[in-house]
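Here the protein sequences come in this chain order: A and B. Take 1 as the starting number for the first sequence in the working numbering and just add one per residue. Take 491 as the starting number for the second sequence in the working numbering and just add one per residue.
No lab work stands behind these hints, which were simulated from the structure alone. Remember, predicted model here, so these are calculated numbers, not experimental data. Each residue gets a CB set at the ideal place from its N, CA and C atoms; glycine is no exception. You may find that some hints are simply not true.
To be verified - As a list, the in silico PhoX-like pairs of lysine-lysine whose alpha-carbon atoms are at most 20 Å apart: (1) A:K415 to B:K525; (2) A:K354 to B:K496; (3) B:K550 to A:K244; (4) A:K338 to B:K580; (5) A:K234 to B:K550; (6) A:K354 to B:K495; (7) B:K498 to A:K354; (8) A:K258 to A:K289; (9) A:K354 to B:K550; (10) A:K475 to A:K290; (11) B:K580 to A:K329; (12) B:K574 to A:K329.
As the list claims (entries may be wrong) - Listed next, the stretches of chain B that the computed footprint assigns to chain A, with coverage defined by at least 3 CB atoms under 8 Å from CB atoms of chain A: (13) 495 to 508; (14) 548 to 555.
As the list claims (entries may be wrong) - Now the in silico label distances, taken between C-beta atoms and shown as ranges: (15) A:S368 to B:T526: 13 to 23 Å; (16) B:P540 to A:G85: 34 to 44 Å; (17) B:Y515 to A:K267: 31 to 41 Å; (18) B:E528 to A:P301: 14 to 24 Å; (19) B:E553 to A:V287: 49 to 59 Å; (20) B:P540 to A:S282: 36 to 46 Å.
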Amino acid sequence: MDIYNKSITELSDLLSKKVISSLEMTDYFIKRIKLFDSKLNSFITINEDEARKQAAFADSMIANKKNHLLTGIPIAHKDLFSTKGLLTSCGSKMLENYIPPYDATVVSKLNNLGMVNIGKTNMDEFAMGSSNESSYFGPVKNPWNLDRVPGGSSGGSASAVAARLTPIATGSDTGGSIRQPASFCGLTGLKPTYGSVSRYGMIAYASSLDQGGPIAKSAEDCAILYNEIKGFDKNDPTSNHEVKQNNIDLRLSKDEVKNITIGIPKKYFSEGLDQNISNVISDSIDVFKKMGFNFKEISLPNHSYTIPAYYIIASAEASSNLSRYDGVKFGHRCNDPKNLIDLYSRTRQEGFGKEVKKRIMIGAYALSSGYYDEYYMRALKIRRIIRDDFLSAFNEVDYIFAPTSPSTAFKIGEKTSNATDMYLSDIYTTPVNLAGLPALSIPVGYSDNLPVGMQIIGNDFTEDKILEIAHLFQKETDWHLHVPEAFSHE
Amino acid sequence: MFDKKKIKDVAQLAMIAVDDNDLSYFSSEISEFLKTIEQMDAINLSEINPLYHAPDMSLKGREDEVDIDAKNDGINCSPNHNGKYFIVPKVID
Chain A
1 MDIYNKSITE
11 LSDLLSKKVI
21 SSLEMTDYFI
31 KRIKLFDSKL
41 NSFITINEDE
51 ARKQAAFADS
61 MIANKKNHLL
71 TGIPIAHKDL
81 FSTKGLLTSC
91 GSKMLENYIP
101 PYDATVVSKL
111 NNLGMVNIGK
121 TNMDEFAMGS
131 SNESSYFGPV
141 KNPWNLDRVP
151 GGSSGGSASA
161 VAARLTPIAT
171 GSDTGGSIRQ
181 PASFCGLTGL
191 KPTYGSVSRY
201 GMIAYASSLD
211 QGGPIAKSAE
221 DCAILYNEIK
231 GFDKNDPTSN
241 HEVKQNNIDL
251 RLSKDEVKNI
261 TIGIPKKYFS
271 EGLDQNISNV
281 ISDSIDVFKK
291 MGFNFKEISL
301 PNHSYTIPAY
311 YIIASAEASS
321 NLSRYDGVKF
331 GHRCNDPKNL
341 IDLYSRTRQE
351 GFGKEVKKRI
361 MIGAYALSSG
371 YYDEYYMRAL
381 KIRRIIRDDF
391 LSAFNEVDYI
401 FAPTSPSTAF
411 KIGEKTSNAT
421 DMYLSDIYTT
431 PVNLAGLPAL
441 SIPVGYSDNL
451 PVGMQIIGND
461 FTEDKILEIA
471 HLFQKETDWH
481 LHVPEAFSHE
Chain B
491 MFDKKKIKDV
501 AQLAMIAVDD
511 NDLSYFSSEI
521 SEFLKTIEQM
531 DAINLSEINP
541 LYHAPDMSLK
551 GREDEVDIDA
561 KNDGINCSPN
571 HNGKYFIVPK
581 VID
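Let's have the full structure, built from the sequences with the hints guiding it.
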């Protein structure tokens, strides 16, 4: 049965009508992983045996009519979500043998609904990267062109969904790590408002920026998953009580559209953006205009300070968070340590890759005596003015459209020798993380046969509306339904 | 310039052992990074308050309750333990 391109709702319908069992559906997607993933390297672990047990349990839930829309649907988790009893490597040698004793809140919520965890996806080491080339388990390939990166750091999740090896996946977004790979792979990816989705059990990179979310084929699928993973969690001290509890129903009407004004930040479209991408986004804005949305140019004047501020804050938090990897409590330990300092420093030399070490050192330097004010404190102040710029813009407009990335998927190896160039690929996504806002990347066309993504950015806790806007667009267009040719068969 | 001596100091601060090849690599990479972020100096921030979390929030605490099962599971994750304690190299001679 040709089910690889079906939506979550369609798959759920097949399960509840007993056209297919969850066990059969699980076997179907595991077969696709075994058939195609040798070309992509999108999975670190295939959870075959446990997935089949979960699927059998889901089938019993369906038989007893205790099922939810997501019951029995396969999902893949980025390998930084802790999964009890299942390897959670974070793409690092440091954790290549780490079996967590508990589930992340996101994982346990979805397990409780009867979703089937078919495996853990590849990622940049400790989520530090924009290309999925820093993984200890090797680079991931983009299904649209196997010579190109899938984006990062949730590159494995994006590659797996794009090749239809799983109906949906989780990702995490610290500086664009859901949206940029979604853009590079022709997918829809949601970075929720900071504090909306529990970080409990999500291996930390930069705690004030990290946020989990869905990577899926459509806004509708993202909404279905987001409905279930959002919400306050007492185990996460940064979880926010203000997150809306209502289910997102995607019922934005055409009359409401006429009252919505979208802001277009001039600078985003004039500096450093590939002209073909600019043209593709302009064409998609024309579609929104025909649907009745209003548009207005806006200014985000301090945009150019984003990259320095982001990399200082993220590195500072990483240097603190990753100090826990010391060879004592969990993870890699060096052989024959001479003393405690030797144990710490050699374990960390052997266990971390170069990009991770570099960011830890930058962070340690930025936080050190004499440099704290010059680097870390200035970066936090810039963070304030970047958020203020967005809040001022939201006094004039309801939502903001922006490119997701200045380029389409680049070639594997193209930017590994030029870190500055790599960091600049996050220029349109990092401001959203610094400001804590929600943003969705949706596919809007192609440039040289590679997918182009566009962001819909909203004010705090407006995920429902940005998903509704995207859903209306996806009812008018079919970019989100396209499957890379090499993976569009059984 | 972030020279090799400075890299050694920072690596020690970060508790990461580095060899000679690493020193050259990180010296060049971190020097390049610091050049990139020089533009932060161009903006006057004297009247601006730092923003630690967005949206602004205060961290919430929870009861400090002992979870015996989790502790036992946790120690099993250690690369060297005796079921009750983590084992590390001798600290005092």
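>> Can you tell me whether the CB distance of B:P540 to A:S282 sits inside 36 to 46 Å?
In response: Given range 36 to 46 Å: holds, Cβ gap about 38 Å.
> Regarding the pair A:K338 and B:K580, is the alpha-carbon distance no greater than 20 Å?
Replying inline: holds (9 Å)
>> Would the hint linking A:K354 and B:K550 be met if the CA-CA limit is 20 Å?
In response: Distance ~35 Å between A:K354 and B:K550 Cα, so the pair is violated.
> Are B:K498 and A:K354 close enough, with their CA atoms no more than 20 Å apart?
Replying inline: holds (15 Å)
> Is the straight-line distance between the alpha-carbon of A:K475 and that of A:K290 20 Å or less?
Replying inline: holds (13 Å)
> Hey, A:K258 versus A:K289, does the alpha-carbon distance stay inside 20 Å?
Replying inline: holds (10 Å)
>> Against the range 34 to 44 Å, how does the distance between the Cβ atoms of B:P540 and A:G85 compare: consistent or not?
In response: Hint holds: Cβ distance 41 Å, inside 34 to 44 Å.
> Has the segment 548 to 555 of chain B got at least three residues whose CB is nearer than 8 Å to a CB belonging to chain A?
Replying inline: holds (count 4)
>> Does the beta carbon distance between A:S368 and B:T526 stay inside 13 to 23 Å, or does it fall outside?
In response: Given a distance of about 19 Å, which is inside 13 to 23 Å, the answer is holds.
> Counting residues of the segment 495 to 508 of chain B that have a beta-carbon nearer than 8 Å to any beta-carbon of chain A, does the count reach 3?
Replying inline: holds (count 10)
> Within a Cα-Cα threshold of 20 Å, do A:K354 and B:K495 meet the stated pairing?
Replying inline: holds (19 Å)
>> Within 31 to 41 Å: is that where the Cβ-Cβ distance between B:Y515 and A:K267 falls?
In response: Once the Cβ atoms are compared, 34 Å apart, the range 31 to 41 Å for A:K267 and B:Y515 holds.
Hint compliance for this structure: hint 9 is the single one not met.
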